[in-house]
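J.: Sequence:
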Amino acid sequence: MAEVEESIRALLLTLSTVTDKVGTGTAARIRPDRLYQADDKTLAAVIVEVDDEEKLNTLDGLGGRVMASVNLKCRARSSKAASRALAEAVRVNGTDPGTGLAGYTGTVGGMAIDAWLEDMQTSFVKDDDGSDNGFYDTDCAYMITFTEVI
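Numbering follows our numbering, with no gaps: position 94 of the sequence shown is 99.
No false leads were slipped in.
The list that follows gives simulated cross-link-like pairs (lysine-lysine, DSS-like), each with its CA atoms no further than 27 Å apart: (1) Lys85 x Lys131; (2) Lys85 x Lys46; (3) Lys46 x Lys131.
Since the hints were made in silico from the structure, they are not lab data.
Based on the provided sequences and hints, a complete structural model is requested.
T.: Okay, here's the thing in structure tokens:
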């Protein structure tokens with residue numbers, strides 16, 4: 006059974022402007038919930054967090070779709086601009102009109118997905134070591150509907 010996080014990761018791996026920044030294949034720094042211990046924390050990354058899921062029913066009471074609030078943390082240690090550039094790569098994939106996650110409608114790994122961007126905010130998060138070092142997160146709040154996998 007595929008999870009929505011896996012499908013979002015698979016979709017992001019098809020976006021060349023995203024993979025230019027986070028890598029490709031299994032080494033790509035697109036992770037559910039947190040980075041791996043082995044990930045190079047100095048490089049850009051996308052963290053996929055599903056905050057909320059609501060099962061959708063038709064008027065006949067049939068299920069089959071889920072609406073999820075999904076937060077993508079586009080993280081960069083180098084600069085705020087790098088964090089925002091990664092978020093923009095996820096959003097539009099470097100094209101006009103965009104071919105990224107914002108406005109995406111399609112099927113990934115057998116899961117039908119519709120996605121739209123609700124909000125973006127950038128913040129600086131200090132490291133826990135007491136120094137002035139840290140990283141920038143551009144938090145991208147997406148609403149995503151997808152087929153329920155049973």
